[in-house]
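Asker: Take a look at the letters that make up each chain.
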Amino acid sequence: MSKSDPNAPKRLALIASKGTLDWAYPPFILASAAGAMGWEVGIFFTFYGLTLLKPELTAAVSPLGNPAMPMKMPFGPEGFQNINWVMPNILMANVPGFESVATGLMKQTFHNKGVATVEELRQSCVDMDVRMIGCQMTMDVFGFKREEFIKECEIGGAAMFLEYAADSDVQLFV
Amino acid sequence: MTDVIKEDQVLDCSGMLCPMPVVKTFKAMKELQSGQILKMVATDPGAPPDMEAWSRQTGNELLRSMTEGGKFIFYIKKK
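Order-wise, the sequence lines are chains A and B. Residue numbering for the first sequence follows my numbering, beginning at 1 and increasing consecutively. Residue numbering for the second sequence follows my numbering, beginning at 1 and increasing consecutively.
Isolated chain B, as found in the complex (with noise of 0.2 Å):
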């Protein structure tokens, strides 16, 4: 059983193909203050790598990645 981990704010990029799911996170995590985080749901299976890679340049931490029922989620603390 992992840690539940409390959101700020939470963003459905359902349905959305690349590159809308990073681009709708950068709008996202602009809204946010340093230390809040972010879950955002996707249904691209090119989210996975993308969000990855998204974290590594932007340096904003990808807390967990994981899959439930289909959908991608992610957790993302803003730097």
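Just chain A, with the same shape it has in the complex (with noise of 0.2 Å):
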């Protein structure tokens, strides 16, 4: 009970929805920020967030429909690098290919400016005790098996996830 401790760490509850790289990012970036300076943290995935709690993360990338997602090139003189590539909707939707070729730049690009990767951000938040929470509703919605996700999630459910939100000093939708 965080809240009837003063002396209890503080607690960050996270809902991680979204399952493509660009978002699979943010929880796992904030619950191992927020392990490392001594919080209890707590991540619920659902939706589209559950797919995060594969033992093989195949997170990909589309910049169709992510309108203001800068489109780099991770290699060249600096110049070119920072130079905004323009992707028209109907080429994305059309070239075969394409989101393979965003995710790979991206992967890319984040690789060369330091960023880890969202398996090491995972992995970390592992190592910091992080409380993984799959969604048992988005499991049945979609046909999932607890063994088909990583061994240190548990599953549960809204009024497992909110009683632990409702006990956190911060608490977030991703």
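Hints are computed from structural coordinates only; laboratory data are not their basis. Some clues are possibly wrong.
To be verified - For lysine to any residue, the following SDA-like pairs were computed, each having C-alpha atoms within a straight-line distance of at most 25 Å:
| no. | chain 1 | residue 1 | chain 2 | residue 2 |
| --- | --- | --- | --- | --- |
| 1 | A | 54 | A | 143 |
| 2 | B | 24 | A | 120 |
| 3 | A | 107 | B | 14 |
| 4 | A | 18 | A | 170 |
| 5 | A | 107 | A | 48 |
| 6 | B | 27 | B | 17 |
| 7 | B | 30 | A | 131 |
| 8 | B | 27 | A | 128 |
| 9 | A | 113 | A | 71 |
| 10 | B | 30 | A | 8 |
Just so we're clear, the structure is a prediction, and the values are computed from it rather than from any experiment.
Using the supplied hints, reconstruct the complex from the two chains, each of which is provided in its own coordinate frame.
Answerer: What follows is the structure, given as structure tokens:
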């Protein structure tokens, strides 16, 4: 009970609802930073966010429908790298493999800039005893089984997460 | 001329972006005894405000925060 004990560590409750590569970052970054500050952290993985609990992370990113996403090249001279390539939807929707190219470019750009991979961030969270709760309802809807997710996670529902969140100092929906 | 701080351990977080400097610092501090000092070096411009917040939240004292040749250097004393 975080609130009832004044000496208890602060607590962060996160909801991770998105499973694309770009949106996989915020919950794991916030959770590992909070864990590094000695906070208790719990993440509720629901809807598309549930796939972030798979052992092999296959999160991809699509610039289609993400009009504000900068398309940058991770190679070449600095001026070239800083160009924001404008990609019309008609191109993104029709060129086969565009999503895997965009995913590869984002991974390479992040790597070059010194951003940890999603796998590394998730492992940091596991090492710091971050509670990871997979949503039972999402599992039922999409037909997932417990064995398909990492052994460190637990499975629960909305009431279980809300009870945890009610005793938290910070609650965020990602 | 400021006093020289003698560190017990050095952690190089050069090239790493948020949140890795605080995560690595947290892990390195676990290996130290109370009163020992960690010197952490980072290049992320977000590190100075992050380390100040991290120090306040964990109670480990940030003895000094300085910039040297484009790098950010922190001395942290384990509580």
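Asker: It remains to establish, for every hint, whether it holds in the given structure.
Answerer: Hint-by-hint comparison with the structure:
1. About 14 Å separates the Cα atoms of residue 54 of chain A and residue 143 of chain A, which keeps this hinted pair within 25 Å; it holds.
2. Between residue 24 of chain B and residue 120 of chain A the alpha-carbon distance is near 12 Å, which keeps this suggested pair within the 25 Å criterion.
3. Using a Cα cut-off of 25 Å, the hinted pair residue 107 of chain A and residue 14 of chain B holds, with the two alpha carbons roughly 19 Å apart.
4. For a cut-off of 25 Å, the pair hint linking residue 18 of chain A to residue 170 of chain A stands: about 19 Å separates their Cα positions.
5. A hinted pair counts as satisfied when its Cα atoms are at most 25 Å apart, and residue 107 of chain A with residue 48 of chain A qualifies at roughly 20 Å.
6. For a cut-off of 25 Å, the pair hint linking residue 27 of chain B to residue 17 of chain B stands: about 16 Å separates their Cα positions.
7. The straight-line distance between the Cα atoms of residue 30 of chain B and residue 131 of chain A is roughly 20 Å, inside the 25 Å bound, and the hint therefore holds.
8. Distance restraint check for residue 27 of chain B and residue 128 of chain A: the Cα-Cα separation of roughly 9 Å lies within the 25 Å cut-off, and the hinted pair is therefore satisfied.
9. Between residue 113 of chain A and residue 71 of chain A, the direct Cα distance comes to roughly 15 Å. Compliance with the 25 Å bound is thereby established for this hinted pair.
10. For the given pair, residue 30 of chain B sits about 19 Å from residue 8 of chain A by alpha-carbon distance, which is consistent with the 25 Å threshold.
Of the hints listed earlier, there is not a single one the structure fails to meet.
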